[in-house]
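Please construct the entire structure, taking both the sequences and the accompanying hints into account.
Keeping their order, the protein sequence lines are chains A and B. Using my numbering, you'd call the opening residue of the first sequence number 1 and step up by one each time. Using my numbering, you'd call the opening residue of the second sequence number 1001 and step up by one each time.
Simulated from the structure, these hints should not be mistaken for laboratory data. Treat the hints with care, as some may be off.
Below are the DSS-like pairs computed for lysine-lysine, each with C-alpha atoms no more than 25 angstroms apart in a straight line [stated by the list, open to error]:
# : chain 1 : residue 1 : chain 2 : residue 2
1 : B       : Lys1250   : A       : Lys17
2 : B       : Lys1227   : A       : Lys20
3 : B       : Lys1227   : A       : Lys353
4 : B       : Lys1204   : A       : Lys17
5 : A       : Lys20     : B       : Lys1223
6 : A       : Lys128    : A       : Lys82
7 : A       : Lys20     : B       : Lys1298
On the chain B side, residues computed to face chain A include the following (Cβ under 10 angstroms) [claimed, not checked]:
#  : residue
8  : Lys1250
9  : Met1255
10 : Val1360
For each residue, glycine too, the CB sits at the ideal point set by N, CA and C.
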Amino acid sequence: MNSICFYFQVHQPYRLKNYKIFDIGKNHDYFDDALNKKIMQKVARKCYLPTNNLMLNLIHKYKDKFKISYSITGTALEQFKKYAPDVLKSFVALAKTGNVEFLSETYYHSLSFLYSKPEFVEQVNKHKNEIKKLFGQTPKIFRNTELIFNNELAHHVENMGYQGILAEGVDRVLDWRSPNYVYKAKTTDKLKLLLKNYKLSDDIAFRFSNKGWNEWPLTTTKFAKWVKGNKGHSLNLFMDYETFGEHQWEDTGIFNFMKLLPEELFKDNITFKTPSQIINNHDPVDELDIHEPVSWADMERDLSAWLGNNIQKTAIKELFELESDIKATKDKKLIEDWRKLSTSDHFYYMCTKYFSDGDVHKYFNPYDTPYDSYVAFMNILNDMVVRINNKKSNIQTKFRISENPKLLINNPIGKKREDY
Amino acid sequence: MFGWEFPPNNQGGLGTACYGLTKGLHKNGVDVTFVLPKKNSNHDHVNIIVTDNLYIGNEKIKIKHVDSLLYGYATQEEYSAKYSEHAKMMQGKSDTGELYGKDLFEEVSRYANKAKIIADFEDFDLIHCHDWMTYKAGIKAKKHSKKPLVIHVHATDFDRTGGSPNQAVYDIEREGMHAADNIIAVSNYTKKMVVKHYGIHPDKVEVVHNGVEFVQKEEDVFKSDDKVVLFLGRLTIQKGPDYFIETAKKVLDVMPNVKFVMAGTGDMYSKMIRMAADYGLGKNIMFTGHLKGNDVNKAYQMADLYVMPSISEPFGITPLEALKNNTPVLISKTSGVSEVLSNALKVDFWDTDEMTNKIVSVLNYSNLHKTLTEHGQMDVRKLNWNVAAKKCINVYSNVLEGTK
Chain A
1 MNSICFYFQV HQPYRLKNYK IFDIGKNHDY FDDALNKKIM QKVARKCYLP TNNLMLNLIH
61 KYKDKFKISY SITGTALEQF KKYAPDVLKS FVALAKTGNV EFLSETYYHS LSFLYSKPEF
121 VEQVNKHKNE IKKLFGQTPK IFRNTELIFN NELAHHVENM GYQGILAEGV DRVLDWRSPN
181 YVYKAKTTDK LKLLLKNYKL SDDIAFRFSN KGWNEWPLTT TKFAKWVKGN KGHSLNLFMD
241 YETFGEHQWE DTGIFNFMKL LPEELFKDNI TFKTPSQIIN NHDPVDELDI HEPVSWADME
301 RDLSAWLGNN IQKTAIKELF ELESDIKATK DKKLIEDWRK LSTSDHFYYM CTKYFSDGDV
361 HKYFNPYDTP YDSYVAFMNI LNDMVVRINN KKSNIQTKFR ISENPKLLIN NPIGKKREDY
Chain B
1001 MFGWEFPPNN QGGLGTACYG LTKGLHKNGV DVTFVLPKKN SNHDHVNIIV TDNLYIGNEK
1061 IKIKHVDSLL YGYATQEEYS AKYSEHAKMM QGKSDTGELY GKDLFEEVSR YANKAKIIAD
1121 FEDFDLIHCH DWMTYKAGIK AKKHSKKPLV IHVHATDFDR TGGSPNQAVY DIEREGMHAA
1181 DNIIAVSNYT KKMVVKHYGI HPDKVEVVHN GVEFVQKEED VFKSDDKVVL FLGRLTIQKG
1241 PDYFIETAKK VLDVMPNVKF VMAGTGDMYS KMIRMAADYG LGKNIMFTGH LKGNDVNKAY
1301 QMADLYVMPS ISEPFGITPL EALKNNTPVL ISKTSGVSEV LSNALKVDFW DTDEMTNKIV
1361 SVLNYSNLHK TLTEHGQMDV RKLNWNVAAK KCINVYSNVL EGTK
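Structure below.
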């Protein structure tokens, strides 16, 4: 093993207001600007600014031996501009060093691939253009929302012209194989597949400050020894960027760990590379056949964090049912609002898995319960139907609240309240 | 163990809880002698002593009347004045008969006097009392037997009165809590009450959530096309019936055909009927009076949603009953049951807009209804009396250890 590949996910969703039944038809502002601003500025202070500064210093110090990659969602970029412009500036500074690779994903960090291929392509292109505009590079590597991956996705992404793609190194897929080699999917010709080494990634991202962990505290010496013990093309450490300072607070020593890690690894001639460097230097050792989608979420590493229960499935299904009607309105604001609702976080908030036990899902959830988030989301969809109808008829229509708003579009209302 | 009621002759959740707990204790090898003030039916898992029929030797103790109600209070005049005042107040709330009868304080005193006799003749290690009516008995028994006392707080008078407790009841509660070697509270919510309002050190209070028996029984109920929202409980200030009607009005503005059923009676019964009429909702709000037995299950099963808007609910067993009957629940955040029920809709009792929002959502979004029911039932299955009994036994052991 002589290379480490760091990829950091940077994402902030547009969290929704507690949108009530009374708001339907009257209030079209769905997003909690105050909360979004507050969270963005908090995370900027605790994570983005200090971590970017640290990375910039490491690049200046170690030059070409230290390279990293990011995937930054469109919703995060927009909120940097609005609420924390310094963060965007520091990412631009990182881009200028030439040691940072930016990856491609859906602009809205959405699950659109699973529900609408045309929408997926639009969101990916929108993101690609934004990255080019802001950072001056055209992404060649794709990572799907939450590392959701299967054969079908690989096929589409190859057709979209990408050279590489990232996925979770799931045991049930790898079986006896190691995640530290370049692979390819069964459905692709050239697209190269890089897999996350979840054990070592999670040692940093999740276990770093866990005093109940028998390896705590995690030192750079110990970690370097583990890296050295691995064989392969590259050890892929993929994690949320918010690991630094937000999930693992500064007082856990996470910044210091990152600061000292390069020196420790250089002793063993291990250097830091970007995903593009890895795929250019290595050919696939094997082909993987991944039919059922895998992801990097929870123990299950499947789709159950977003689509595990009935309310999640209903909410996303009904959202995409509205796609053609929304787009037909050609109303930019309406389409943008609809796209912001496609962000995966909204469905994550509705997750009831482990809910009774209280866990990581709760920590990231602005709502008291998954049901509250469903209520707000469905109320908003009902309001979108009102907006679509208003656009169509140019007159205020009466409406009725429904879990299948689409039905209402095909059967316009016109009913009096007594007819309910 | 001193209690005040026991199934099937119980008015509220207290009897049900005592029944479940004694069953759990019995299963875990604890012998319970249960002391009740009134004649009741027989159960084989506990030895029930009814103080009405208490004998010493061959002489039946006269219990028909106790002439003086003096003890525990400063002077006769003071007490008499208080008594008639309370009697008036309590009479208004007298739907619960035995619990809040006009001779309640007399009953409490008579009951307490029996404790001494029981302490002499029964063989036991520890005294366990349920709620304020039994505290005096517990204190007497402790004094006489020198055995430790555990009191179990199912509710405080702050809950029952919506924040303005009856001084006499409060005094008894406080005395009991301070005399006890340890206190069991039915929720963290109640523990906080005990600590805050009664000056008890938090270390002296253990939380033991109630259990519930999960038995499902399909009743033959008429299902109308109209959606039904249910309130079931005493119509008293504690349960927030007025917030329910306030919310009904708001829901009906959005969904005109919903039916609201108010099952129960209480001192606010006629006021609530007037309130519904004043809002012009006579057709949409139905009052059933007090429901018993199978009718309770039927009411739950007819409903599309059960709402518990309590101002202050130490535990609250009804949402669990509703879920057993396949009905999802919307509950007040100021309740103990919300600590154990994750999969429920939760609101502040005063936030009738939010309550409306959630009611309309459940009635319209069928998958929300379904998911809340299914997942809520999983929460209910986790609650059983065996777990509660084991926690109580733990408390007993610690107390017995400490008094050695």
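Hint check:
As the CA atoms of B/Lys1250 and A/Lys17 are separated by approximately 21 angstroms, the hinted pair is consistent with the 25 angstroms bound. Of the pairs offered as hints, the one joining B/Lys1227 and A/Lys20 holds, with about 20 angstroms between alpha carbons and a cut-off of 25 angstroms not exceeded. Among the hinted pairs, B/Lys1227 with A/Lys353 is inconsistent with the structure: their alpha-carbon atoms are about 29 angstroms apart, more than 25 angstroms. Between B/Lys1204 and A/Lys17, the direct Cα distance comes to roughly 42 angstroms. Violation of the 25 angstroms bound is thereby established for this hinted pair.
For the given pair, A/Lys20 sits about 28 angstroms from B/Lys1223 by alpha-carbon distance, which is inconsistent with the 25 angstroms threshold. Between A/Lys128 and A/Lys82, the direct Cα distance comes to roughly 20 angstroms. Compliance with the 25 angstroms bound is thereby established for this hinted pair. A C-alpha spacing of about 31 angstroms is found between A/Lys20 and B/Lys1298, which places the hinted pair above 25 angstroms, so the restraint is violated. About 8 angstroms separates the beta-carbon of B/Lys1250 from the nearest beta-carbon of chain A, less than 10 angstroms, and the hint is met.
The criterion of a C-beta within 10 angstroms of any C-beta in chain A is met by B/Met1255, whose closest approach is roughly 7 angstroms, and the hint holds. Given the 10 angstroms rule on beta carbons, the hint for B/Val1360 holds: about 5 angstroms separates it from the nearest Cβ of chain A.
Checked against the numbered hints listed earlier, the structure breaks hints 3, 4, 5 and 7; every other hint is satisfied.
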